[in-house]
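*Asks:* Going line by line, the protein sequences match chains C and R. The first sequence runs 1 to 115 under the working numbering. The second sequence runs 1001 to 1115 under the working numbering.
No lab work stands behind these hints, which were simulated from the structure alone. Please note that a few of the clues may not be correct.
Unchecked claim - To be clear about the criterion: a stretch of chain C counts as covered by chain R if any three or more of its residues have a C-beta under 8 Å from a C-beta of chain R, and this derived list gives those stretches:
(1) 29 to 38
(2) 41 to 49
(3) 71 to 82
Stated by the list, open to error - Label pairs and their calculated CB-CB ranges:
(4) R:Ser1009 with C:Gly52: 47 to 57 Å
(5) R:Ser1038 with C:Thr7: 37 to 47 Å
(6) R:Ala1002 with C:Ala18: 30 to 40 Å
(7) R:Ala1002 with C:Ala81: 50 to 60 Å
(8) C:Asn58 with R:Asn1062: 36 to 46 Å
(9) R:Gln1050 with C:Thr60: 30 to 40 Å
(10) C:Gln57 with R:Val1074: 23 to 33 Å
(11) R:Asn1062 with C:Thr60: 37 to 47 Å
(12) C:Gln83 with R:Gly1085: 21 to 31 Å
(13) C:Phe47 with R:Gly1051: 37 to 47 Å
Since we're looking at a predicted model, the values are computed, not measured. Note that the Cβ used here is the ideal one computed from N, Cα and C, for glycine as well.
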Amino acid sequence: AQKITQTQPGMFVQEKEAVTLDCTYDTSDPSYGLFWYKQPSSGEMIFLIYQGSYDQQNATEGRYSLNFQKARKSANLVISASQLGDSAMYFCAMREVQGAQKLVFGQGTRLTINP
Amino acid sequence: GAGVSQTPSNKVTEKGKYVELRCDPISGHTALYWYRQSLGQGPEFLIYFQGTGAADDSGLPNDRFFAVRPEGSVSTLKIQRTERGDSAVYLCASSSSGRREETQYFGPGTRLLVL
Chain C
1 AQKITQTQPG MFVQEKEAVT LDCTYDTSDP SYGLFWYKQP SSGEMIFLIY QGSYDQQNAT
61 EGRYSLNFQK ARKSANLVIS ASQLGDSAMY FCAMREVQGA QKLVFGQGTR LTINP
Chain R
1001 GAGVSQTPSN KVTEKGKYVE LRCDPISGHT ALYWYRQSLG QGPEFLIYFQ GTGAADDSGL
1061 PNDRFFAVRP EGSVSTLKIQ RTERGDSAVY LCASSSSGRR EETQYFGPGT RLLVL
């Protein structure tokens, strides 16, 4: 069974600092995809970044990068130069290539950016 | 282009009543997903449609829950004999063709409160 663990219920960061949100996962499928979503207070899930298990390089999207350590089964999200608008819930999710199409989400981390 | 839309945005009902929640996916997306998000939790998978057919309904909690997508576009999630434990945010997502590495794009959700 697949499982996503986000161990940080809340994070507080000063504006303009970088922040790392942790995510570890557990799967027996050799091929899988990892996703990060942002959920502001409005409730909509906003896709941020994707990492495939066979991707050679860590994914990057603007200020977002993914620190993918396959042997450790971790996929931490790094946000550089944080902004007040980054305050939100952040969810890590995984989808196996074999088996179900569903995304399995972690519990989330609430990020608060302080001015 | 337009994103995933969901109606109503909020629904309050009484225990035992029947409710319908609607999802309008991104135009041209053949894959559609329903998730349920309880307070303080990550979304949990309910059902996945590929076209008109339910390809995976393993996440539906019991037979009070049912979903349809008769024309391969709009989907309706139906809950019979609602219970207080059904209170949650119901999220709909769509993806282009259902390939496993594809991003799922989410709607704003329907907040269901069962009194």
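*Asks:* Verify this for me: three or more residues of the stretch 41 to 49 of chain C with a beta carbon less than 8 Å from a beta carbon of chain R.
*Replies:* This one holds; 6 residues, not fewer than the three required, reach chain R with a Cβ under 8 Å.
*Asks:* Cut-off 8 Å, C-beta pairs, minimum 3 residues; does the coverage of the stretch 29 to 38 of chain C by chain R stand?
*Replies:* Coverage by chain R holds for the stretch 29 to 38 of chain C (3 residues, Cβ < 8 Å).
*Asks:* Given a hinted range of 30 to 40 Å, is it respected by the beta-carbon distance of R:Ala1002 and C:Ala18?
*Replies:* Since the Cβ atoms of R:Ala1002 and C:Ala18 sit about 34 Å apart, the hinted range of 30 to 40 Å holds.
*Asks:* Lying within 47 to 57 Å: is that true of the beta-carbon distance R:Ser1009 to C:Gly52?
*Replies:* Violated, at about 34 Å.
*Asks:* Between C:Phe47 and R:Gly1051, is the Cβ distance one that fits in 37 to 47 Å?
*Replies:* 23 Å, violated
*Asks:* So does R:Gln1050 sit 30 to 40 Å from C:Thr60, Cβ to Cβ?
*Replies:* The hinted range 30 to 40 Å holds for R:Gln1050 and C:Thr60, with Cβ atoms some 31 Å apart.
*Asks:* Between the beta carbons of C:Gln83 and R:Gly1085, is the distance compatible with 21 to 31 Å?
*Replies:* 38 Å, violated
*Asks:* The hint says 37 to 47 Å between R:Asn1062 and C:Thr60; measuring C-beta to C-beta, is that right?
*Replies:* This hint holds: roughly 43 Å between Cβ atoms.
*Asks:* Take the C-beta atom of R:Ala1002 and the C-beta atom of C:Ala81, compute their distance, and say whether it sits inside 50 to 60 Å.
*Replies:* 31 Å, violated
*Asks:* The hint says 36 to 46 Å between C:Asn58 and R:Asn1062; measuring C-beta to C-beta, is that right?
*Replies:* At 41 Å between Cβs, range holds.
*Asks:* So the hint says 37 to 47 Å: do the beta-carbon atoms of R:Ser1038 and C:Thr7 match that?
*Replies:* 20 Å, violated
*Asks:* Within the assertion that chain R covers the stretch 71 to 82 of chain C, do at least three residues meet a Cβ-to-Cβ distance smaller than 8 Å?
*Replies:* Not satisfied, violated; 0 residues make the cut.
Violated hints, listed in ascending order, are 3, 4, 5, 7, 10, 12 and 13; each of the other numbered hints is respected by the structure.
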